[in-house]
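Given chain A, put chain B with the ligands in place with the hints provided.
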Amino acid sequence: MINPALLREFQTVLGAENVFTDQADLLTYSYDAAVLAAVVPALALRPVDSESLSRVVRLCNENQLPLTVRGAGTNLSGGTIPIRGGVVLLTNALDKILEINSEDMYAIVQPGVVTAKLAAAVEAKGLFYPPDPGSQAVSTLGGNVAENAGGLRGLKYGVTRDYVMGLQFFNAEGESIKTGSKTVKCATGYNLAGLLVGSEGTLGVFNEITLKLIPPPARQKAMFAVFNDMDRASETVAAVIAHRIVPATLEFMDNFTIRAVEDFSRAGLPVDAAALLLIEVDGHPAQVEEDAGKVEYLCRKIGADSIRVAKDAAERDKVWAARRSALSALAKLKPTVVLEDATVPRSKIPEMVRAIQDISKQCDISIGTFGHAGDGNLHPTILTDRRDKEEWERVEAAIETIFDKALSLGGTLSGEHGTGIAKSCFLEKETGLATIRYSRRIKAAMDPNNILNPEKIIGYSNTR
Amino acid sequence: MAVLNDKRLNEEDEMPKIKALTKLMQELEDQLVVCMRCGMCQAVCPLFRETGLEADVARGKLALLDGLLQEMFKDPQGVYDRLNKCLLCGSCAANCPSGVSVLEIFIKARAILTGFMGLSPARKLILRGMLSRPEIFDRAAEWGLKFQKIFTRPANEIIGTSCARFVSPLLKDRHFMPLATVPFHRQTASLNTDKGRSGLKVFFFVGCLIDKIFPQLAQDVIDVLNYHEVGVFMPQKQGCCGIPAISSGDLKTFNRLVRYHLEIFDAEKFDYMVTACATCTSTIKKIWPMMADKISDSIQTKVDEIAQKTLDISQLLVSKVGLEKGGIEDSNTAVDVTFHDPCHLKKSLGVAAEPRALINANPAYRLKEMPEADWCCGLGGSFNLQHYKLSSNIGKLKRDYIKASGCSVVATGCPACMLQISDMMSRSADKIVVKHPVEIYRELL
Ligand SMILES: Cc1cc2nc3c(=O)[nH]c(=O)nc-3n(C[C@H](O)[C@H](O)[C@H](O)COP(=O)(O)OP(=O)(O)OC[C@H]3O[C@@H](n4cnc5c(N)ncnc54)[C@H](O)[C@@H]3O)c2cc1C
Ligand code: SF4
Ligand code: SF4
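Respectively, the protein sequence lines represent chains A and B. For the first sequence, the numbering used here gives the first residue as 1, with consecutive numbering after it. For the second sequence, the numbering used here gives the first residue as 1, with consecutive numbering after it.
So here's chain A without its partners, still in its complex pose (with noise of 0.2 angstroms):
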């Protein structure tokens, strides 16, 4: 139990509306879209301004509360888990957007601003914020920022990490730390927001975030080609790159998943296909023209078996439609999903994509892979129903194997879901005892009560 002194002062720094003390109220902050075990927090609290925000982080630092911070809930790795009880942080009543700067080109946004209603915002200023991950409907802006979370356009657009000019967040104590500015350049200080983005809300609680922004392509061209082998259409991939295009999206669908998707919406996909990739070139029209075609003839050579371009806005929306709807297809065939995000080289796509397939021969269960397959970033999607112990081992079983294929691969871990407390355990395989203990070290100056979303990424002790 918190102590009701505390809890007191919570109330007045609030108002008695944002402490959430009941069980009910409290179960419904202890998972998020990972499957992992759900744990029930102390207490939930909401700050509705920055003032009342630090002043919540200082009082957990002063009373060595662990403090989890929690957007929309919607990363895949744990990291809103509160593992260590504690307070739960909750960011949607900070959802102010402070400033859309067509001038600059900057946005200014508190943290819990929803993706989709900034890119809207930005849109109807005539600017573009392109980071557009799956969840972008609900996720939040400090979501996005702490797991630096990508999308469908991180090939030609980058992800998250990309487009933060500027933080403003309070440390343990409470206390506010400006990096970065809304200048595009800028050179003072460390780069701290470079340490900060895809900290999981282990090393600071953002309250401001500074986020570039860029004028949109004039035009959109997209196309899907199909191929009766897996090896052609990776070539084709790489075909597309030598050739200096870069497309704003290149996403790839095994077969597996291409029968998911044309069951469950009927969209006319070829469902003997071994692999789909979707093509969307975008900039300014005469460019478009030209690479459309280059990749058209790319995809021809090599060996694609159709292809169909997109000739107006309704074939485009329906192109992408196929592809988004690829997780839900996926979702519908068992209860359990569990969404990797493996990543290699996109060289060694076909390869990964490959064992892949074999693990899931091997473990004997069901996994449909799609992804972005011009950054090597995939999903391999297991199929399962966690109350069966027995399949859930050997779940378990092909996740790693699959971790360890795409380290031997060159790859890592996570693209883009981040490490929570789903990969903790792993990060060590990726980067070497050495690289955690430092970690450790950063972690343990910057918090030293530990209070900041403990055992989040770099795991638990603080002894190795």
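Heads up, none of these hints are tricks.
Label pairs and their calculated CB-CB ranges:
1. V271/A to Q26/B: 33 to 41 angstroms
2. A121/A to T333/B: 37 to 45 angstroms
3. Q64/A to K17/B: 35 to 43 angstroms
Footprint (simulated), chain A over chain B, 3 or more residues, beta carbon under 8 angstroms:
4. 40 to 49
5. 67 to 81
What the hints contain is simulated information worked out from the structure, not anything from laboratory work. Glycine included, each C-beta is placed from N, C-alpha and C at the ideal position.
This is chain B with the ligands only, laid out in the frame that chain A set:
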């Protein structure tokens, strides 16, 4: 560590009871496990948009039910309260990537928890004492009418709403549609006409709101059916479809109403059952079959048959009868009308094009879409009574969307939405008329 999250309640003696509840909840397990906690329902939940509380969105409620089932905590009352704070609008289910049967789970869970906790005395009085007995309900409404004249005064003449003459704890500051002076069943007690050139005969299920508040709409339906020479069977003493009962978890009253109607339906053969109330249609088509196995196998068979035949009036007219086309629209005189998609039509039944087709058939109107036409109006039946402030805030958003369309008429296919929208428009002193698409279509004939 200063804190532990272990807030175990001192409820040793509650254990056997909780075990019994867990057992009852087990029938929901296979459906509950389908939720992958992705959180995408946050984007579409009208309630969550207002409150931002996880316990208000489908994911949170499903987690609570799961928590009870897994005995993660022991607060059935807490879960019950949160479960009841929901519009049952189905926006979450319609957009769920994993295909969770959210409404089915919620409705079944409400029934289980109500059975376990007992119905509150006030609800018992209304549901068991009145709703389950159509004659008593009719009489009570007539009494209500007498009181209405004394206690209320007209509020907005264009919309036709009233408000309380003096501060009333029940009416609050509502601008409600008054009970009709003569309910429909007093105007036309029963009908049984033969099929004409359409070759179709339908059962017309009137529904409480249309009978008691919008009787003219029932007349419009009859006029339209007559025009198309569709035979109408409308026996005496129809009652309520049961939605207020089942959404309060009152299985007993609901079952009684289903049984009661099945007997009435048996009296005559008909091709389709139609209603002009999206809520009645969706209740009969979706909820009756979902809950009927609790009554008996033979009832399940009958209910399935009825559900198969049940259509919204706009579906019948568009796809079974064929619409009359009314010439070319005169852009100088055509009245701009916008359409609000009732959740029970679009999200529950996938019906959105048909009511629009009724409007488009009449050249005196020009359909102009509002932003987010399928955003819930916020009524949610008893939700409005229990959470009036929230319901109003959601309704206010709808009102703003309607206003943004710039139209002077708003049409919608559910009398419950008509009530809520009337309340919201009237309180903002808007001069916008609320109509049903059938009314617009009838004006053409
Ligand atoms: C259907 C679906 C599709 C997805 N698609 C993608 C995708 O395409 N690309 C991708 O990268 N991810 C994707 N994700 C994962 C997830 O949506 C992202 O990680 C997203 O960035 C999380 O945002 P959130 O607001 O939900 O954050 P949360 O889950 O609430 O939090 C994530 C982390 O951020 C921390 N945090 C949140 N706010 C703050 C703050 N103000 N200060 C400090 N720390 C903070 C939390 O403590 C936590 O560690 C998907 C998830 C789902 C369910
Ligand atoms: S109900 Fe559906 S949309 Fe909501 S969290 Fe569960 S799976 Fe996701
Ligand atoms: S039914 Fe409507 S109000 Fe209830 S949880 Fe679903 S979307 Fe929200």
